[in-house]
Amino acid sequence: MTRPAYVIGVDVGGTFTDVFILDEASGQVSTAKVPSTRGDQSKGFVEGIASRVENFADISTVVHGTTVGTNALLERKGARTGIITTDGFRDVLEMRRRDRPTTWGLKGAFTPVVERPDRVEVSERVLADGTVAEPVDVAEVKAQAEALAKSGCEAVCVFFINGYANNDNEKRAVEAVRSVWPNAYVTAATEILPEIREFERLSTATLNAYLQPVVSSYLDKLEKGLEARGFGGDILIVQSNGGVMSIDMAKSYPVRTALSGPAAGVIAATAIAKAAGFDNIITCDMGGTSFDVSLVADNEAALAAQTAIDFGMVVRTPMIEITTIGAGGGSIASLDASGLLQVGPESAGSDPGPACYGLGNERPTVTDANVVLGRINPDRPIGGKLARLDIDASRQAIDTHLAKPLGLSIEQAAEAILKLANAKMAGAIRLVSIEKGHDPAKFSAMPFGGGGALHTGALIKEVGLASALVPRFPGVTSALGCVVADMRHDRVQTVNRLLDQVDAAELGAEMIRVGDETEALLENAGVAFARVDRVAELDMLYLGQTHTVNVAIGFPETGLTTQDIRDAFETAYRESYGRLLEGIPMRIMNYRIAVIGRRPKLDMAVFAPVDGKPAEDCRMGTRRVFAEGEWHEAAVYERLQLAVGANIVGPALLEQADTTIFVDPGLDAVVDGFGNLVITPGA
Amino acid sequence: MTIDPVTLAILKGRLEQIADEMDATLFRSAFNPIIAEAHDASHGIYDARTGDTLVQGKSGLPIFVGVMAFAVKAVIEKAAKQGGVNEGDVWIFNDPYDGGTHLSDFRLVKPVFRNGEVFCYLASVGHWHDVGGNVPGNYNPAATECFQEGMLIPPVKLYDRGEFRQDIVDILSSNSRLPLSLYGDLNGQINALELGEKRMNALLEEYGDAKVADCMAELTARAAQMMRAQISKLPSGTVSAEDFLDNDGIHDAPLKIALDLTIDGDSMVMDFSRSSPACAGPVNISRATAIAACYVALKHIFGDVPANAGVLEPVEFRIEEDSLLSVKAPKPVGGYTETILRLIDVVFQAVAQIAPEPAMACAYGTINALSLAGHRANGQRWVMFSFFGGGHGAHGAGDGLNHGNAPISTATIPPLEILEAAYPVRFTQWALRPDSGGAGEFRGGLGAVYEIELLEKQADVFLFGERGRFAPPGVVGGGAGALNIFHYQQADGEHVPPMASKIVGVHIDRSQRLRLETPGGGGYGHAFERNPESVTRDLRLGYITAERAEADYGVVIGPDGSVDEAATRDLRTREPAQ
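So the sequences go chain by chain: C and Z. Mapping the first sequence onto the UniProt record's numbering, position 472 (from 1) lands on 472, and the numbers just tick up by one. Mapping the second sequence onto the UniProt record's numbering, position 459 (from 1) lands on 459, and the numbers just tick up by one.
Just so you know, these hints were derived from the structure itself, not from any lab. Some hints could be false.
Ranges of calculated distance between the beta carbons of each label pair, as one might list FRET restraints [unchecked claim]: (1) Glu547(Z) - Gly152(C): 23 to 31 Å; (2) Gly326(C) - Glu316(Z): 34 to 42 Å; (3) Glu435(C) - Glu547(Z): 36 to 44 Å; (4) Gly326(C) - Gly116(Z): 25 to 33 Å; (5) Gly88(Z) - Lys77(C): 38 to 46 Å; (6) Ser562(Z) - Glu54(C): 57 to 65 Å; (7) Thr561(C) - Asn378(Z): 37 to 45 Å; (8) Ala491(Z) - Asp248(C): 54 to 62 Å; (9) Thr323(C) - Phe317(Z): 37 to 45 Å; (10) Glu529(Z) - Asp439(C): 35 to 43 Å; (11) Glu435(C) - Ala217(Z): 21 to 29 Å.
Restricting the straight-line Cα-Cα distance to at most 25 Å, the calculated cross-link-like pairs of lysine-lysine (PhoX-like) are [claimed, not checked]: (12) Lys224(C) - Lys33(C); (13) Lys171(C) - Lys150(C); (14) Lys436(C) - Lys198(Z); (15) Lys461(C) - Lys198(Z); (16) Lys328(Z) - Lys81(Z); (17) Lys58(Z) - Lys198(Z); (18) Lys274(C) - Lys461(C); (19) Lys442(C) - Lys198(Z); (20) Lys211(Z) - Lys461(C); (21) Lys328(Z) - Lys256(Z); (22) Lys81(Z) - Lys436(C); (23) Lys150(C) - Lys77(C); (24) Lys436(C) - Lys33(C); (25) Lys171(C) - Lys77(C); (26) Lys171(C) - Lys274(C).
As the structure is a prediction and not an experimental result, all values here were calculated from the model. Heads up, the beta-carbon is just placed ideally off N, CA and C, and yes, glycines get one too.
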């Protein structure tokens, strides 16, 4: 027998660490779920692998989706960080873009991650056209850096106004800082983001510096922990853009891991759907407090240019666009002052959780409605935290808070909760599809995580989606995503000139050169790729506008011309807004280059059920389920035993350890060749 | 009529989504940064018969939430005189006396027809960059008639039965300094209305016209019910509050806004009769605008009040005809933002007396519309126009937000790098302003200091600001925030405007600077009640100076920088909080 060659994906969540193991030698896959270790996530990480892998020397690659960065941001547990900035501008971070957290009610608060005394100023100034109006005073920079070090800062961010246009001063300042304060945690703002808009650039760069010590020390521990077990392969980290980077890159650019965990899930969903022949999907991740959706069109996940991790905590790097609404299993259903039913945004989360958990919450939640209506088996709760659920507590909660005041039966009230929760989720799906110009009839919903598969059937009906695709192991999707993610690096540079004033050939040559540099970075990581792709884009707009459109650019052999750029812009603009604006000059704001190293594809057929059985043999009995105003006797199946081609007619429930799937009345489900369950409207 | 509670809740969400999507479409495609970045625009769905607001987008400018209904009413009335509206019509206008606000805000109103009848109206409003008048950007503090503020367009048809009337656009374009910007914004608003109509029709096909109509009526009824429930929680009786505008830009005399607020069971009377008469300068507002401002204030305080006409059903307004708060043409209204901010402050101060728990102190209270205009070396005209931020008021659960946006808007400030890239200026300071937050158990948020240097040969400077003479008050015993201060340099030195925060067309030359120091928010509760640790923290962060720590907060700082507890106790008991 040949030695195994493992590629392992690890996703560390709040409760569980999921491990997905692919043996490239045999093509076999296995999974493990172990409790996450709070405090030092690397322990649970290593133990999770050890529960399945005997010899760590057999592991070629470990790919990791991490929430260490996300949590440090949300809990404000980054390092004490200093900012060295242009004279007159130390408050840019705290002043934000003059916004507030909520439209109504003026009670917002904001605490920047760097305190005011740790934000210091030096003499220097660059103008918007790149002219150095005042060279940086290097001695002053050194003195300020020494003072910050002495006061206890661990990391520092150097940020100068208009650095995007010319970063000479900033570079000299960074050298000066390093000369007096040898420190791996020095971030130059323009190195992170050479893009116009001072607050967004500073915020992104500062958060990078703030995360560096925390993320680096975690990754160091992880490396040591793996090495101690004999591991000698590569460690890759999933970025928010859905691509992976080397562990060294992650230590330098930890801000790129801000949405690492959720991104991995979307990547897995994309890969599973592609293998199954679905090009257009909307991923649906339902957790305790929120419902996250992402759009994948033509096998590409939509990217957002920036996101706010929290109020005023802006990260501007390309990220998989994840739209979150407050509708999760723990979302509380209530009546507002006018007696109107609402679900969320208040949530009981997972602790105390739904009323049926019996941990102190007595108000009805979405999960309680699912329990009352027979969709969740109270004797077999997913996740393994509780032995059983208290259905009477669910009924009581719904009766007291909703059914009685509204004059409905408990079942009717419970169904009302689900209808409203589904409507909110449908709204989120419309938001990411219809509002972006996509026809939902061409999309399939892909639920992952524990709760989504109870609701996808309803979403098909509500939004008019083509179908739903439930992966074989929804609970370990993110870990699988780590294994299939490509390596990706994004670069951006502000141009901010009128198209007519740009030498198109020169711009094209520069973009190719930057692409080459970025590709060299990829090659240095020592990872094998099936091929390397490049995406080149310009952010363009009509003179006078402030919002840009993405313009895909190709590079003809004969060199890029102004006409090529003009044509590409007009095509993109027409697609976005329908009509062109005649006679208005065009401006190029930024160029963007993405270099993507495609990793060898995992054959999703490994998920096909082996020795599967026909549906009737997997039937465990029936359960009463309330749907569309009446009780049904729904068949209950053991999902993982179903053979390829097994066909199930709704209403039906399919159970497995990490999720429950509800096939609504009027829907059909069939197991495809990759072990997915495909749910479609019945004939 | 009965409508099941689930369908009602679902349709509410669907209707809101349509309005939100219209907002998003305009923000993305608008030309001028006041809409694209500052979101000075709004969209909604309005009653076919009355024009009342049924649903309003969540991301637009809050003040428009109340005022748009008056715009739709104006179109309904005008159209009635012409034999009614037709399918395919789109009306356009900016008449501030007939639908509120000021000339910069252009409204487009489009009927949605079903089976030959108007089912509802959709409307879009956006703040255009320049609509003519004496001052680029249209904040003319010296205007005495609306004719000096810009072009005034009554409700006219931009589309007549689906036919686009280029004539109208030609008239608008030739009256603006920035016709391209106007053209781009107008297109964005048309896009938004077209999209809204498409979505509305899809929704009606799905649910049926009757069901959606029932739902709209029910939502209005429930909004009224909700507002009554809120009012019932307040103690019955009358409270009063007064506040002042510095001046009207013409005569340097303060203008009073007075509110006598009466709670009677589940209804409320907002009586502004004691306010000043109409003034010569541009801080008058229409009655529609005044009512909309009250709505904004109430929604800030009471939170979950829905954005529809039902909310105002239990509220009676008493506003004198032809007064500062109910003006008639052609009295100027260009600075309406300042007046409604003050009106909101008055509502905050009155409500704080009877409901301290949900109350907030006054925010910085001025929009500070600053424009710089000139010509580049190549003769090309440039106009930089922006609003600036300040501190929010403190409240019973915490300090006010530093450098927030005005209560009437959710506008963000343009990045200074964008301004420097677009205009011949450089900022020399962009910072928080120490000691600007009102003292209190909870401190007001800090205002800001912005300093701008001119890089071209010369420019004209226009400022429309307020709070230069009357600082933003605190509530429940809290102190006031700092005053608004503006300085400009000329060859003979530094000057402050004679009208405090208002100037028209002052020339500055290359290298000369402007400096705007904006107010902080008011404080909440007695400053001597503030935790001394919070005071030392404020001192360490440079939010306050040591002098103020002692004078305002009664906290004595020892030589080692920590609180001298004995001296503090002594000071705080010797001089009890006033």
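How the hints compare with the structure:
Separation of Glu547(Z) from Gly152(C) is about 28 Å and conforms to the stated range, judged on CB atoms against 23 to 31 Å. Evaluation of the 34 to 42 Å hint for Gly326(C) and Glu316(Z) yields a pass: the beta carbon distance comes to about 36 Å. In this structure the supplied range 36 to 44 Å is violated for Glu435(C) paired with Glu547(Z), their Cβ-Cβ distance being about 54 Å. A hinted range of 25 to 33 Å for the beta carbons of Gly326(C) and Gly116(Z) is inconsistent with their spacing of about 41 Å.
The hint said 38 to 46 Å for the Cβ distance between Gly88(Z) and Lys77(C), and at roughly 59 Å that hint is violated. Between Ser562(Z) and Glu54(C) the beta carbon distance is about 60 Å. The supplied range of 57 to 65 Å therefore holds. The beta-carbon spacing between Thr561(C) and Asn378(Z), approximately 27 Å, falls outside the hinted interval of 37 to 45 Å. Checking the proposed 54 to 62 Å range against Ala491(Z) and Asp248(C) shows it holds: the Cβ atoms sit about 58 Å from each other.
Between Thr323(C) and Phe317(Z) the Cβ separation comes to about 40 Å, which falls inside the hinted range of 37 to 45 Å. Range check, Glu529(Z) to Asp439(C): about 60 Å between beta-carbon atoms, so the 35 to 43 Å window is missed. Taking 21 to 29 Å as the suggested C-beta distance range, the pair Glu435(C) and Ala217(Z) conforms, at roughly 27 Å. For the hint pairing Lys224(C) with Lys33(C), the CA-to-CA distance comes to about 22 Å; that is within 25 Å, so the pair holds.
For the hint pairing Lys171(C) with Lys150(C), the CA-to-CA distance comes to about 22 Å; that is within 25 Å, so the pair holds. Between Lys436(C) and Lys198(Z) the alpha-carbon distance is near 14 Å, which keeps this suggested pair within the 25 Å criterion. For the given pair, Lys461(C) sits about 21 Å from Lys198(Z) by alpha-carbon distance, which is consistent with the 25 Å threshold. A threshold of 25 Å between alpha carbons decides the hint, and for Lys328(Z) with Lys81(Z) the separation of about 21 Å falls inside it, so the pair holds.
Only pairs whose Cα atoms come within 25 Å are accepted, and Lys58(Z) paired with Lys198(Z) is accepted, the gap being roughly 19 Å. Only pairs whose Cα atoms come within 25 Å are accepted, and Lys274(C) paired with Lys461(C) is accepted, the gap being roughly 23 Å. Between Lys442(C) and Lys198(Z), the direct Cα distance comes to roughly 19 Å. Compliance with the 25 Å bound is thereby established for this hinted pair. Distance hint between Lys211(Z) and Lys461(C) is fulfilled; the C-alpha atoms sit about 19 Å from each other, no more than 25 Å.
Taking the CA atoms of Lys328(Z) and Lys256(Z), the gap is about 18 Å. The hint holds against a cut of 25 Å. For the suggested pair Lys81(Z) and Lys436(C), the alpha carbons sit about 40 Å apart, so the restraint of at most 25 Å is broken. Distance hint between Lys150(C) and Lys77(C) is fulfilled; the C-alpha atoms sit about 21 Å from each other, no more than 25 Å. Taken as a hint, the Lys436(C) and Lys33(C) pair is broken in the structure, with Cα atoms around 37 Å apart against an allowance of 25 Å.
Simply put, Lys171(C) and Lys77(C) have alpha-carbon atoms about 28 Å apart, too far for the 25 Å limit, and the pair is violated. Restraint check for Lys171(C) and Lys274(C): the C-alpha separation of about 44 Å exceeds 25 Å, so the hint is violated.
In this structure, the earlier hints numbered 3, 4, 5, 7, 10, 22, 24, 25, 26 are contradicted, and the remaining ones agree with it.
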